[in-house]
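Model the placement of chain B on the given structure of chain A, informed by the hints.
There are 2 protein chains.
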Amino acid sequence: MKLTDAQIAEFDREGYLFLPSTFSAEEIAVLKGELPGIFAQERDEVWREQDGKAVRTAFAAHHYNEAFRLLGHHPRMIEPVQQLLDGPVYIHQYKINAKAAFDGDVWQWHQDYGTWARDDQMPEARAMNIAVFLDEVSAVNGPLMFIPRSHKQGVLEAGHDLETTSYPLWTLDRKTIRRLADEGGIVAPTGPAGSVLMFHSTLVHASPPNISPWDRTIVYISACHVDNHIRQFKRPEWVAHRDFTPIEVVEDDSLLRFRQQKQQSANTAAE
Amino acid sequence: MKLTDAQIAEFDREGYLFLPSTFSAEEIAVLKGELPGIFAQERDEVWREQDGKAVRTAFAAHHYNEAFRLLGHHPRMIEPVQQLLDGPVYIHQYKINAKAAFDGDVWQWHQDYGTWARDDQMPEARAMNIAVFLDEVSAVNGPLMFIPRSHKQGVLEAGHDLETTSYPLWTLDRKTIRRLADEGGIVAPTGPAGSVLMFHSTLVHASPPNISPWDRTIVYISACHVDNHIRQFKRPEWVAHRDFTPIEVVEDDSLLRFRQQKQQSANTAAE
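Sequence order for the protein chains is A and B.
Take the first sequence: its letters are residues 578 to 848, numbered as in the numbering used here.
Take the second sequence: its letters are residues 578 to 848, numbered as in the numbering used here.
Fair warning: there could be bad hints in the mix.
Copies of the same chain are indistinguishable here, so a pair counts whether it falls within one copy or spans any two.
[What the hints assert, rightly or not] Calculated cross-link-like contacts (lysine-lysine; reagent style DSS-like; alpha-carbon spacing at most 27 Å):
1) K839 with K609
2) K752 with K630
3) K609 with K752
4) K609 with K630
FYI, nobody ran anything at the bench for these hints, they're computed from the structure.
Just chain A, with the same shape it has in the complex (with noise of 0.2 Å):
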């Protein structure tokens, strides 16, 4: 998977770009035929909402679960990333972010990269995220909101919430939101699972509460060129990663290979 020039001169120019259905609703089954199990887990990477039952984020799947680590090696994840970044790279972050149905609060405007140099010292906005849709994301389910061409500003000026939801987040003050929204307006790219949305480290987003009955899950893929790597390990491992190692891609057609190897699994166990 290659982006085009006029692709990467519109993820430049906007901060964004936007590939509706990249995965095939059959590489999407597989994920969230995973998702029960990864939620159901008592472990510190997976975060709650305020209310302490609700899963607000599970950090690094890719750890601890064979189909997320085969998504964070996916080529359709990972070479375009190395095309916009020029260059080897590694996951720093890995969140699934389940904004479940009636629950999931909300994500207040920020930059990523604004958190990760404060808090892991990443020396650049050589990082950016790419996220992948396990659920349709519409105008009624919380979908991500951005502010085209606010990557251009900068680090902003943020202060450390630690009270409007369950994890801590650098935000944006009102002020500053209004001004860039007035000049870049905001967008909210919506469209069925599969889809695959990838933007700069340092565009502002936010997305707020999904009062719907539907859940809207999205994987987010926080990549860094391997010479950009964070110099501070403050925040958990499982948080911010700290192996460097540049990430090699596995086979296209991996998650349908991962499901016919658990079939013939289960059926060798079912004999």
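Here is chain B on its own, set in the frame of chain A:
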């Protein structure tokens, strides 16, 4: 303003009708110009969010503001309602719902007639809402969400939610919402300021918090057939009105004439 037979059939089938740009930018500007004065008033009718500051709802503004009185008697609001309810109507409720930038909070899933039946003893669902967007409503500023065709379910079981927000509301349980949304889907009609939304009093609806930097003000006029007036006066008069006199419509250009008169008075005062 007359609805066509096709529009009447659509309202009956889906439970709502959306009429973009029914009021002009000039007319909306007249109404918006009155908002700061209304929202600044410290009076019972002006209900605030849990923060005690941002306005959630200004009730009964047609009783203390001339522009909003004219809107409540406007032929583009009242004539379609008279058609749909088949006779003379009175105003049961009049709300300016602010859904302020950043602060506007959720309205949980509910049916308006559920509250009117339980709290006000309105005999039948021969009542409906007609709403005007005073701001553009988009996917990003907390749009109103409907479950199409849910109005055919009659009055659904509900619980009295006194906790989620600052305003008490009879809300529906999650299982019911999931069932209805799986059947009918969820729509979020969006459009420019001046657009009008009509919806049945048993149509299930909600709206998420507004995390955008833009206000999302909608005026709701709840009209009821005069024969179907409420029987119980438990809630304050400014929440559930007790004047059942049929509304007589004003002239179609009344908002622009109001603006003209106001400008003339201002000029006279300045001379």
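> Does the structure break any of the earlier hints, and which numbers would those be?
Replying inline: none
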